[in-house]
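*Asks:* From first to last, the protein sequence lines stand for chains A and B. Per this note's numbering, residue 1 is the first one in the first sequence, and the count goes up by one each step. Per this note's numbering, residue 294 is the first one in the second sequence, and the count goes up by one each step.
Among the hints, a few may not be true.
[Unchecked claim] With a straight-line cut-off of 35 Å between C-alpha atoms, the simulated DSBU-like cross-links for lysine-lysine are: (1) Lys350/B to Lys430/B; (2) Lys430/B to Lys71/A; (3) Lys407/B to Lys228/A.
Because the hints were derived from the structure by calculation, they are not lab data.
The chain contents come next:
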Amino acid sequence: MKRIILILFIIGCVVAAIGLVITRPQRLQADALSGLTPDADRGRLVYAAMGCASCHMAPGSDDPTRLPGGKSFVTDFGTFYAPNISTDPEHGIGDWTDEQIATAVLRGTSPDNQHYFPVFPYGSYMRGDPSDVADLIAYLRLLEPDQTPSRDHDVGFPFNIRASLGGWKLLFANPDWIVTGDLTEEQERGRLLVEAMGHCGECHTPRNILGGMNTNDWLAGAAIPGQKGRTPDLRAPSLDWSAADIVAYLKTGLTPEYDSAGGEMVDVIANTSQLPDSDLSAIAAYLLVVGAN
Amino acid sequence: MRKILIAGLAITGTAIGAIAYADNHISDAQKAAAVKARQAHMTLYAFNLGTLGGMAKEEIPYDAAAATAAADTIATLAQLPQSGYWLPGTDNGSMENTRALPAIWADGSDVGTKAGDLVTAATAMQTAAATDLDSLKAAMGPLGASCGGCHKGFRQPDE
Numbered sequence: 001m002k003r004i005i006l007i008l009f010i011i012g013c014v015v016a017a018i019g020l021v022i023t024r025p026q027r028l029q030a031d032a033l034s035g036l037t038p039d040a041d042r043g044r045l046v047y048a049a050m051g052c053a054s055c056h057m058a059p060g061s062d063d064p065t066r067l068p069g070g071k072s073f074v075t076d077f078g079t080f081y082a083p084n085i086s087t088d089p090e091h092g093i094g095d096w097t098d099e100q101i102a103t104a105v106l107r108g109t110s111p112d113n114q115h116y117f118p119v120f121p122y123g124s125y126m127r128g129d130p131s132d133v134a135d136l137i138a139y140l141r142l143l144e145p146d147q148t149p150s151r152d153h154d155v156g157f158p159f160n161i162r163a164s165l166g167g168w169k170l171l172f173a174n175p176d177w178i179v180t181g182d183l184t185e186e187q188e189r190g191r192l193l194v195e196a197m198g199h200c201g202e203c204h205t206p207r208n209i210l211g212g213m214n215t216n217d218w219l220a221g222a223a224i225p226g227q228k229g230r231t232p233d234l235r236a237p238s239l240d241w242s243a244a245d246i247v248a249y250l251k252t253g254l255t256p257e258y259d260s261a262g263g264e265m266v267d268v269i270a271n272t273s274q275l276p277d278s279d280l281s282a283i284a285a286y287l288l289v290v291g292a293n
Numbered sequence: 294m295r296k297i298l299i300a301g302l303a304i305t306g307t308a309i310g311a312i313a314y315a316d317n318h319i320s321d322a323q324k325a326a327a328v329k330a331r332q333a334h335m336t337l338y339a340f341n342l343g344t345l346g347g348m349a350k351e352e353i354p355y356d357a358a359a360a361t362a363a364a365d366t367i368a369t370l371a372q373l374p375q376s377g378y379w380l381p382g383t384d385n386g387s388m389e390n391t392r393a394l395p396a397i398w399a400d401g402s403d404v405g406t407k408a409g410d411l412v413t414a415a416t417a418m419q420t421a422a423a424t425d426l427d428s429l430k431a432a433m434g435p436l437g438a439s440c441g442g443c444h445k446g447f448r449q450p451d452e
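Working from the sequences, and respecting the hints, build out all of it.
*Replies:* Now the structure itself:
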């Protein structure tokens with residue numbers, strides 16, 4: 001009997017060890033950014049497309065170049081606070097290497113090899129392009145430092161066990177595209193902007209009980225965590241907009257009925273309105289494909 | 294003397310009563326009418342934005358006179374006194390049929406600043422609408438953004 005318990009205990013330890021190895025934080029390859037020539041001007045557009053400021057600006061701020069963090073995200077798992085990602089070396093990311101920043105964005109892993117909570121939308125960003133992230137980093141390094149300390153998340157047991165996030169990533173963070181099949185070059189550009197950089201699915205796709213996206217209901221609209229109201233379904237026929245309507249909306253925030261964007265979407269429009277028309281048309285072309293499927 | 298005292302008390306009482314009435318006795322009918330009036334105000338913005346937006350999207354031909362008329366109307370609407378229908382007690386926590394959040398009336402609310410942003414954007418649109426189609430297109434972004442300025446934090450998202 002004692003022997004059986006000992007064997008079971010050893011098996012349990014081995015399984016746990018294998019689990020921890022499988023779900024350990026992943027980093028980018030050391031040479032992932034080598035050979036790239038970062039362009040900060042392009043990085044400004046990447047920054048807008050990825051919507052960094054919407055979450056990392058001070059609460060209530062309209063200045064997308066100041067990134068002290070502090071905005072709260074009330075969820076079923078606790079309240080998260082966006083951290084300072086300004087160039088301040090102590091409170092921000094000023095002393096991080098390019099590889100550390102890119103690993104955070106594309107793998108959801110911190111410089112000290114911890115998993116980030118998926119409130120940071122790395123599950124979307126990981127579908128992105130390292131060269132875009134290299135441009136982004138060049139732009140981020142031009143922004144003002146801010147000495148506001150980051151606030152600790154208010155997350156209770158068991159969700160505060162960061163090692164368990166490796167399991168979450170294994171289940172729900174997937175670098176594969178959601179929409180596959182024959183796409184035009186423009187539709188592919190739109191897919192990159194929507195599925196990866198713009199991380200639209202993070203708010204517009206419903207989530208399961210563990211907070212993973214139900215990708216079968218991709219962009220079907222979802223409850224807004226911690227608030228009343230829902231984000232709208234972006235699929236036709238629910239969204240009965242032409243490509244020109246979508247482009248105009250992303251540029252001005254005005255719907256075809258000339259109502260305006262509200263809530264969090266106002267900050268999103270502040271970002272998309274900076275993108276070139278070709279990108280907005282690409283987003284529209286992609287969304288019409290999602291609607292047609 | 295006694296008569297004067299009674300008269301004085303009566304006047305004081307009436308004054309207090311009038312203030313209390315003004316504060317607490319906005320009838321439900323008045324509140325419902327106020328909500329309707331401000332929603333009608335929004336509808337007028339949308340109608341005139343439709344003219345400008347239709348031209349910006351090239352769904353209807355650019356016409357300087359029609360564009361100017363729409364822009365002028367939006368600028369006029371933005372500067373009309375509206376306190377009569379943004380009454381206290383008409384937020385979405387107190388009434389049905391409105392998405393106006395209590396934050397509008399909260400201490401430190403910057404709703405006045407946001408309303409000023411709309412006036413600025415609408416005034417810029419007056420110039421742009423009269424200039425040419427490219428100017429009109431460029432002014433649509435800031436004008437739409439100024440709508441969002443209030444709808445970001447002062448309007449409940451749709452259910």
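*Asks:* All the hints need checking, so say for each whether the structure fits it.
*Replies:* Hint check results:
1. A hinted pair counts as satisfied when its Cα atoms are at most 35 Å apart, and Lys350/B with Lys430/B qualifies at roughly 8 Å.
2. For a cut-off of 35 Å, the pair hint linking Lys430/B to Lys71/A stands: about 33 Å separates their Cα positions.
3. Between Lys407/B and Lys228/A the alpha-carbon distance is near 23 Å, which keeps this suggested pair within the 35 Å criterion.
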